[in-house]
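Residues per chain are reported as follows:
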Amino acid sequence: DAGITQSPRHKVTETGTPVTLRCHQTENHRYMYWYRQDPGHGLRLIHYSYGVKDTDKGEVSDGYSVSRSKTEDFLLTLESATSSQTSVYFCAISAGTGKRRTYEQYFGPGTRLTVT
Amino acid sequence: AQSVTQLDSQVPVFEEAPVELRCNYSSSVSVYLFWYVQYPNQGLQLLLKYLSGSTLVKGINGFEAEFNKSQTSFHLRKPSVHISDTAEYFCAVSTTGTASKLTFGTGTRLQVTL
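Protein chains in written order, with my numbering: chain S, 611 to 726; chain F, 76 to 189.
Any given hint could turn out to be false.
Stated by the list, open to error - Calculated lysine-lysine pairs in the BS3-like style (CA-CA distance at most 25 angstroms, straight line): (1) Lys-133(F) with Lys-709(S); (2) Lys-709(S) with Lys-144(F); (3) Lys-663(S) with Lys-680(S).
To be verified - Simulated coverage check for chain S against chain F, where a stretch passes if three residues somewhere in it have a Cβ under 8 angstroms from a Cβ of chain F: (4) 655-661; (5) 705-717.
Said to hold, decoys possible - Cβ-to-Cβ under 8 angstroms is the rule here; a few derived chain S residues that face chain F: (6) Gly-650; (7) His-651; (8) Gly-652; (9) Gly-668; (10) Phe-700; (11) Gly-720.
Honestly, the hints are just simulated from the structure, not real lab data.
Beta carbons are placed, not taken as given, at the ideal position from N, Cα and C, and that holds for glycine.
Can you make the complete structure from the sequences, with help from the hints?
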């Protein structure tokens, strides 16, 4: 258990509304990630963070923004939700830094988002 | 950039039979390799990883995988499956460094039946 929680776990929202998903970790890991999972696509990286206020885009970042103002929280925001953003969203962490870096990632339980 | 191909979207198998889930990758640099399992309505759980050293790696739940650099493959095997192994399995590759990211295959659904 990597001490990762996601909130909310389920959300239904309407097209055009802003939505923020929260990822919280308790073990002070430097690296955090947001993925979306869709049938036939596996997991695709949205954004990632390599430290407080240090973030970068993944392969499917359009329509999403992130913020990391403290180590333990990584927020994913859909500025104006669309039906194509209906998905399951997973947060992940990667442990260690420098030579102690371990490149496997540990995942949270997921948030199921439905945009109607 | 790296990519991962899981050749089989679904693999049906009878309980106690052996199984192999195939994974091929492409990368211009050295990579680390992983297999994850996802049970219904759950997150992903790390099964095993290859970072360096012995090309045969053992993971949890009796699974093992063999890294083959010349064939750029990392196939997952189990000699005797159980009903409880029914799940989705994902192969993933990672480069190193600060900008390291995991790239996932599209997954293989293992369906174990009696």
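Verification of the supplied hints:
As the CA atoms of Lys-133(F) and Lys-709(S) are separated by approximately 23 angstroms, the hinted pair is consistent with the 25 angstroms bound. The straight-line distance between the Cα atoms of Lys-709(S) and Lys-144(F) is roughly 24 angstroms, inside the 25 angstroms bound, and the hint therefore holds. Pair hint Lys-663(S) plus Lys-680(S) holds up; C-alpha atoms about 8 angstroms apart against a cutoff of 25 angstroms. For a cut-off of 8 angstroms, the count of residues in the stretch 655-661 of chain S with a CB near a CB of chain F stands at 3, and the three-residue condition holds.
Counting residues of the stretch 705-717 of chain S whose CB lies closer than 8 angstroms to any CB of chain F gives 6, so the stated coverage by that chain holds, three being the minimum. The interface hint given for Gly-650(S) is met, as the beta carbon of that residue sits about 6 angstroms from the closest beta carbon of chain F, less than 8 angstroms. Taking 8 angstroms as the C-beta contact cut-off toward chain F, the hint placing His-651(S) at the interface holds, the least distance being around 6 angstroms. Using the Cβ-Cβ criterion of 8 angstroms, the hint placing Gly-652(S) at the interface with chain F is satisfied: the shortest such distance is roughly 4 angstroms.
Contact between Gly-668(S) and chain F, as hinted, is supported at the beta carbon level, the nearest pair being about 7 angstroms apart and thus within 8 angstroms. Restraint check, Phe-700(S) versus chain F: the minimum CB separation of about 6 angstroms is within 8 angstroms; hint holds. For Gly-720(S), the interface hint holds, the least distance from its beta-carbon to any beta-carbon of chain F being 5 angstroms, beneath 8 angstroms.
Of the hints listed earlier, there is not a single one the structure fails to meet.
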